[in-house]
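Trainee: Going letter by letter, the sequence shown gives residues -7 to 1069 in the numbering used here.
If you're looking for bench data, these hints aren't it; they were derived computationally from the structure.
Yeah, the Cβ is synthetic: ideal placement off N, Cα and C, and Gly gets one too.
Please note that a few of the clues may not be correct.
Okay, the calculated beta carbon distance ranges per label pair [claimed, not checked]:
#1 PRO515 to ALA164: 46 to 56 Å
#2 HIS265 to ALA153: 10 to 20 Å
#3 GLU606 to HIS265: 53 to 63 Å
#4 ASP583 to THR1032: 28 to 38 Å
#5 SER75 to GLY121: 18 to 28 Å
#6 GLY121 to SER192: 10 to 20 Å
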Amino acid sequence: MQASLLVTIVMCAQVVAQQTPPESLATIRLLNPTEWRGPVTVEVPVGRLAAPGVVDWSRLQLLHGNHVLPFTIREGRAHWQASLATSDSPPRAEDILVFACEVPPGEWVHVELVPGAAAERSAAQREGGHITIEYSGLRAVIDEQSGSLRTWDAGGSPLLAAPFAITPYRLAEDGYEMKGPFACGYATASIELRKLASVSQRATCVALKSNAAMTEVSFVLEPDTGPGLGLTYRMHSSGMLEIIVDERPWTGRSPWLAHTVEYSLPLLGIARHFPYLENRWAFYGFREYTASVTSRACEYRSERATVLELGRESINGRQYVRRLFPVTGDDAAQIDELVELADEGLIVDVLPVRRWPMHEPVQIVDDAHAPAVAGELEKVLRQAGIVVASDAGANPTVMRLVLASDPVIRGIIGDGFVLREDTSGYVLEAGTRLGLFSAVRALATHLNRRAPDAEFPLVARNPVVDLRGGGFGGGDFEVDFPFADDAEWRRVLDNLLDSGMNVFACLGMWSNWKMPVSYRYMPELRTEEPDAYDESSGAKFAELEQHREHGLKLARYLQDRGGQVWLWIPIGCVPTTYAKRYPDAMAPGSDKIPCFTHAEYRRYVDAFFRELLETYPLDGLFLVRDDNGGICTCDRCRAYVAQSRTKSPVWEQYLVIYDWLRTHGFRGNIAVYPYNDHYEPKLDPLLPEDFYIVGHGSGAAVLSRQYAYVGPMGDTWIDNLYANFRLAPTPRMKRLLADRGSFWIGGAYVGSELPWESIGHFGWEPTATPNSLRFDWAMREFGRAGAEPFVTMNDAYEELWDISALHMPPADWMKKSPESRVRVVEEGVATVGLFRTRTDALRKAVDASRYSRWFGHIDLYAPFFEYHLHRLNLFAKIYDEVIAHRSTLESGEGLPRNVRDNVLTQYAELYAWAVPYDAQMQKAPHGMLDRVRWMTKPYHEWMAGYDQWLDGQLEVKQFAGTLEAEIDPVRPGEPFTLRIVLNNQGVCPWVPGSGQRIELRGDVEQLGLPAVWAYEGDPLAPGNRRTIELRGTAPAAQSTAKLSIVLYAPYRVPETIAQTDVSITWSTEDHSANPNE
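Please model the complete structure; the sequences and the hints are all you need to start from.
Mentor: Set out below in structure tokens:
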């Protein structure tokens, strides 16, 4: 297939006859970091090359060497928003330039944009009710009446077993059944559809555009009842076939509450899946998004052809996306390389149309009245060595900041911008302040890459996604910058603004960015008590003033640059002073949870929000029942809920607050983060249309709610890797983000920058490749010398993340066969070696001393990964051996000697793997990593997935056993010995230093016994017994004493292995002890 596709490219290309090549207006530089050899489809927003109106695209060619590459331009808006119409209008900034090119591995290829006109040649024919598309070696036939792909062939081999089919159905009245649990852990979850009869539909072909680069065919499917669908096929000369189905716009009640759509794409061949690219359940993350949207990565291999299928779909058919790559002949051996190329892409580096040089000095004119943006522009120019005029007397070149009065006329949407010329110099124009800031940063990126040339790029960009949001906070061991100083806050916020994020949420209770109120309208809640605490803001009363000023400072910093500031509002909680003042307004038996139907609580809501809105210039609020929030179950609240719209005590509170905000003039955005109370489709008609549903718990909203008001968080928190958060790598972030809004929370930035920056980057440009993001980030941070080394290093780094997330949650590991574990260990060892080598190469390419903190984080990951990989492997071997001799645990025989010795040796090796990681951690940079220095040993981790998480998945618990107490006769005033017989009936040996312990409670001090005995001495193997002796002294007087003896597992959350109670009596006449279990 590679040979035939290359023939396609060559046949489609025009050879340039002239000896002198045309002048290049712009350049697209391409680098292939993968091993794939063959043509690749390249997609670039046209505004990155030239702003609308700067060039006439009908009079341009793409020149590669001495060949003209055919290209086309397609609509760039998200498919669910697209017009699906063929247009002769000039392209908009977000529209996509599409062409195919071969890029050999490891080589830069330059494609030049030059004057000239390429001959147009259609690859499609309409005849007899069919649309036939043909490129060299490729043929597809689409039935025009139904919109179905009837046949698809490559190299003469059929690739479909039957036509592609789309079938709409009606749903039952309660059409979605949520089968949880949807929160963290090992349990899987699902959303099942109650499907009824199918519905007939009509297809109308609304657009057909074809040339030598790509053919695009669009249909509108209109069912008798239910949502309309837009169906688009894109067949590329490179061989790739895209199939995209999305809803058409609708208003009113969601049609997806009563309808679903099914798809059938029967590809020929034997299937093989690529699990890294398909669904996975995040161990420490929510399940409702993965239950709502499934991903697909599979090859179908037949005798003469292979097809790679990549894509995703909503379980109710609201969205369906496939990218299909046919390969024949020898190319089938390259399928793994093609998978990497298709998932991670080329590096695409654009040198746009520009004007040079910029005549100096440059005078900045701030017509937008955005002083922070003007200050950023001045800094950018000075850093590029450009002289900035202090006044107009130096005959300067003017650079003007303008907020467009009618952005649409300028082709600007959302936070988009355009950099253009005018008679006095240059203009940076946008529709929003963030658009202006983004324009300045686009200029900065260009000047940084082109230094020392002082050129002005004539470019424009429009974001495709409106909600590109994140919230910052967590425990101090989970996050870094939310507990750092303001300089670190500014550094991170600058980078996230630069990446394209537009919504920044303050998670008050989880960071040092807080926005408290002083209870101006309920002064009775104020106090001078030093420890009094406001659960609603996460601030102590004694610190309210300083947090108010700091909160305002950070909010203004973002808003001055165009960022939106949303505030986290926990419900179901009140200040600690509230219960003291209004005990009757609390939930029964609680001094923390308010009664949400009590009149005093409603007065509290009014007082809280009145002051909040008067104090802070907020762009949005998002409501959450967080870890500190509870639900009142008093009779009045139960009766209220029974009569309510949603029948949910939490969602009713959200609606009460929404109504209060809207009736009191708040015009900002209002969202729910349904953390503990997930969204279900049946809620949708009960909620206001402009109510955002975001973050964990919101995933099912993609099934039914208007996309404009949905911001799911498809994976775990973006938090500390070394607290065992299994972050989504850049390619997975792109797959999750797609072309719809998203909202993530977390706060670990150093060493995990790319997941954060994916939110804005792919929100602006969903067609961007993960490798381009890696390259762009490294260019900003390290400069050109470090950019390529970083891309290769980060690829290995994030491959380790993938291995960890897919294979290394302990319960998942234990389900693997021994052979499968060996393969993963081999893969992990090889990848960690590659990661170390590439990290060293990056270190040598840059001034490592400038980046010591960053390398300090990165260098931890290899020993961290090795420790966890080998710990899993050794634990599984121990488990298998113990289970094979399980009867000996229960009979008291103990393991056979050779098995016992092997188990103890492997367990010692398991602990030995923690030593280099612990040593590296002790040298790690200060800050967040200070808080995790204790997490470097088995059972001391945060969310590693062992402890009680794993026990429920095992036949025999990690730690199990018995204890018995024996005591000699006790005499008044004399020493005595308490003997405790331990019997290990679990999988793990009991070893010193693990945290395993015995606690004595009761009359411990009276008897002179130790309160705690930490395990010491020789390891106790599974099946073995051991007696320990604790010494005390009986009081001289006649007495009775009682003890409770508890044996604990070494888990972070205490877990009792065994317990016994002992009653002791003694006197001068009779000395006896009475142990009672």
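Trainee: Each hint: holds or not?
Mentor: Do the hints match the structure? See the list:
1. PRO515 to ALA164: 46 to 56 Å: holds, 54 Å
2. HIS265 to ALA153: 10 to 20 Å: holds, 18 Å
3. GLU606 to HIS265: 53 to 63 Å: The hinted range 53 to 63 Å holds for GLU606 and HIS265, with Cβ atoms some 56 Å apart.
4. ASP583 to THR1032: 28 to 38 Å: holds, 37 Å
5. SER75 to GLY121: 18 to 28 Å: holds, 25 Å
6. GLY121 to SER192: 10 to 20 Å: For SER192 against GLY121, whose Cβ atoms are near 18 Å apart, the range 10 to 20 Å holds.
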